[in-house]
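Visitor: Spelled out from the first residue to the last, the chains are:
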Amino acid sequence: MVMELEYDRSLYGKEHEAGPFEVTKEMIQAFSQSIGETGAVFNDESAAQTAGYRGVVAPPTLCTLYVRRVELPDINLNFGKTRFHAGQRVQSKAPIVAGDFLTASSHLKEVYPKTGRSGTMVFIVWETTFRNQDGVVVADVQESYAARE
Amino acid sequence: MYLDLHSHSVSSDDSRATVEQYVKWIQVLRKRGNVVDGIVLTEHRKFDFDRDYSQLAAEYGVLILKGSELDTLYGHFLVYGVNQGLTNDLDFSNVRLDSRELMKAARQHGALAIPAHPGRFGIGLVDYMEQGESFEDVHIVERLNGGSRAGENERAEELCSQKGYLGTGGSDAHLASHICACVTDFQATIQNEQDLVQALLSGEFKPVRLEETQNGSV
Amino acid sequence: MTQQNMPYFEDVELGDEIGPLQKVAADDQVVGFCQLWGNPMPNRFTDAAIAAKANLPGPILPGVMSMALMSQLLTQWGGPGALKDLDLVFRQPVPHDQPLNIAATVTDTRQENGENLVECDILMTGAAGERYVGGTALLSLPSKSQ
Chain A
1 MVMELEYDRS LYGKEHEAGP FEVTKEMIQA FSQSIGETGA VFNDESAAQT AGYRGVVAPP
61 TLCTLYVRRV ELPDINLNFG KTRFHAGQRV QSKAPIVAGD FLTASSHLKE VYPKTGRSGT
121 MVFIVWETTF RNQDGVVVAD VQESYAARE
Chain B
150 MYLDLHSHSV SSDDSRATVE QYVKWIQVLR KRGNVVDGIV LTEHRKFDFD RDYSQLAAEY
210 GVLILKGSEL DTLYGHFLVY GVNQGLTNDL DFSNVRLDSR ELMKAARQHG ALAIPAHPGR
270 FGIGLVDYME QGESFEDVHI VERLNGGSRA GENERAEELC SQKGYLGTGG SDAHLASHIC
330 ACVTDFQATI QNEQDLVQAL LSGEFKPVRL EETQNGSV
Chain C
368 MTQQNMPYFE DVELGDEIGP LQKVAADDQV VGFCQLWGNP MPNRFTDAAI AAKANLPGPI
428 LPGVMSMALM SQLLTQWGGP GALKDLDLVF RQPVPHDQPL NIAATVTDTR QENGENLVEC
488 DILMTGAAGE RYVGGTALLS LPSKSQ
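Chains as they are written, first to last, in the working numbering: chain A, 1 to 149; chain B, 150 to 367; chain C, 368 to 513.
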């Protein structure tokens with residue numbers, strides 16, 4: 001009784017692009033406020049410039065907000081009624097500061113089944129690379145979603 | 150000797166610890182006065198035939214054995230003494246393995262499969278027994294699991310009392326600093342996976358928490 | 368850039384504890400976060416009835432918000448540019464308006480490609496020890512010799 005997963009395997013190797021998104025000072029400040037981040041460089045322009053940055057610095061996970069703006073295709077998985085966010089990884093490669101324009105490029109990384117407290121689940125993993133206006137990779141974000149019965 | 154019978158390295162999808170980080174962390178535990186002799190890597194749904202940890206084991210003085218944790222119709226099972234014959238007979242990646250067939254196949258190949266975290270809500274053996282299932286080949290279960298939520302280890306303990314099962318201990322670590330949170334105290338000296346199977350079959354072991362290994366006094 | 372009270376690589380040892388940082392995510396903070404995120408509201412993060420339909424005990428924190436809260440422990444400790452990698456598994460729903468304890472433990476230190484790297488386990492737990500979110504973090508710290 002092996003579990004046969006059916007989904008659109010042709011999606012492997014395809015990139016889905018979005019952006020550019022402008023990272024504004026106001027957005028960084030609102031993000032910092034919503035999580036109670038009081039660090040000076042994440043809130044105050046002059047403090048950030050004194051510390052050697054071009055503008056207010058984005059907290060390291062701010063780029064995760066942009067992942068959902070990439071229109072990802074349905075993988076047509078033959079399993080599960082609900083999905084939940086199971087895990088996330090952010091690899092910061094270079095600072096993101098106010099005034100940057102980011103582009104996102106996402107691809108399907110893997111799909112696999114497992115079992116746990118919630119019963120049988122299928123994990124779907126997407127990977128997104130963010131680049132700034134100079135083409136510099138600023139972050140890689142990996143998101144896992146679990147589909148369950 | 151004290152062995153952690155349940156751990157996951159980055160070879161498992163949901164673990165974030167390398168084997169090197171585990172053995173380094175064991176040095177921290179030893180500095181704190183805990184006695185820990187080794188670990189068994191029980192990777193999810195696979196057996197890593199091609200991974201060799203002997204150099205790390207020698208460098209850090211930690212016994213590193215390999216096993217598996219498999220997904221079955223009746224919860225997760227820890228498998229010790231895995232060999233090519235067993236992996237030829239069973240598809241380890243199948244998340245709907247037949248638990249009873251697994252236990253029988255394991256013994257036929259000189260290995261041993263025992264229920265992991267039987268008290269775990271939603272996926273533990275206790276839930277399935279309450280639904281009327283019975284498992285005549287179960288004699289040993291994992292009684293202490295370091296990843297358990299409140300009440301789950303107590304359910305496993307009650308199961309052992311009611312059925313007369315023997316119990317092991319394992320951390321179920323997915324992070325370096327969680328390794329050896331629970332271990333199994335063996336009478337025998339164990340040097341390899343076959344020794345481990347024999348030691349389990351001998352029945353001369355008990356589960357203990359890390360704090361009980363302080364200075365070796367239990 | 369080194370700030371006052373930021374650790375140097377040489378000061379860090381295996382087993383060192385970082386934190387804890389105590390946080391509470393209030394309802395209005397979650398709403399503010401969802402607005403920025405662009406997640407249409409009401410949703411299971413902001414509305415009790417929608418959360419109940421999804422078999423949740425109450426509105427929960429988005430995973431991306433839990434991650435942002437956890438990253439603060441590390442930026443406060445190591446400085447704003449120290450965090451290189453944060454890799455988390457969301458193990459249980461995280462509630463609003465409840466004390467959240469965020470703490471890390473140093474599990475490895477190494478020098479690699481000219482960087483002074485510190486690896487940590489990081490956990491977000493509840494008042495009764497519930498392990499809500501767990502994972503690892505990699506930070507790059509300055510050295511006294513640089």
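Because the hints were derived from the structure by calculation, they are not lab data. Accuracy of the hints is not assured; some may be wrong.
[Claimed, not checked] Okay, derived cross-link-like pairs now, DSS-like style, lysine-lysine, Cα gap no bigger than 27 Å in a straight line:
(1) K109(A) / K312(B)
(2) K420(C) / K25(A)
(3) K93(A) / K25(A)
(4) K180(B) / K114(A)
(5) K109(A) / K390(C)
[As the list claims (entries may be wrong)] Computed from the model, here is a short list of chain A residues facing chain C with C-beta under 7 Å:
(6) P20
(7) T24
(8) E26
(9) S34
(10) V41
(11) N43
(12) G55
(13) V57
(14) I75
(15) N78
(16) G80
(17) R89
(18) A94
(19) Y145
[What the hints assert, rightly or not] Computed beta-carbon distance windows for the label pairs:
(20) E26(A) / L205(B): 33 to 41 Å
(21) Q389(C) / G271(B): 50 to 58 Å
(22) K14(A) / Q311(B): 48 to 56 Å
(23) F270(B) / E127(A): 46 to 54 Å
(24) D394(C) / L315(B): 17 to 25 Å
(25) S105(A) / D199(B): 52 to 60 Å
(26) E26(A) / N406(C): 29 to 37 Å
Ideal placement from N, C-alpha and C gives every residue a C-beta, glycine not left out.
Visitor: Taking the hints in turn, state whether each one holds.
Guide: Hint check:
no., hint, result
1, K109(A) / K312(B), "45 Å, violated"
2, K420(C) / K25(A), "37 Å, violated"
3, K93(A) / K25(A), "20 Å, holds"
4, K180(B) / K114(A), "37 Å, violated"
5, K109(A) / K390(C), "33 Å, violated"
6, P20, "16 Å, violated"
7, T24, "11 Å, violated"
8, E26, "10 Å, violated"
9, S34, "4 Å, holds"
10, V41, "5 Å, holds"
11, N43, "11 Å, violated"
12, G55, "13 Å, violated"
13, V57, "6 Å, holds"
14, I75, "20 Å, violated"
15, N78, "22 Å, violated"
16, G80, "14 Å, violated"
17, R89, "4 Å, holds"
18, A94, "9 Å, violated"
19, Y145, "10 Å, violated"
20, E26(A) / L205(B): 33 to 41 Å, "50 Å, violated"
21, Q389(C) / G271(B): 50 to 58 Å, "30 Å, violated"
22, K14(A) / Q311(B): 48 to 56 Å, "54 Å, holds"
23, F270(B) / E127(A): 46 to 54 Å, "33 Å, violated"
24, D394(C) / L315(B): 17 to 25 Å, "49 Å, violated"
25, S105(A) / D199(B): 52 to 60 Å, "33 Å, violated"
26, E26(A) / N406(C): 29 to 37 Å, "19 Å, violated"
This entry does not satisfy hints 1, 2, 4, 5, 6, 7, 8, 11, 12, 14, 15, 16, 18, 19, 20, 21, 23, 24, 25 and 26, going by the numbered hints stated previously.
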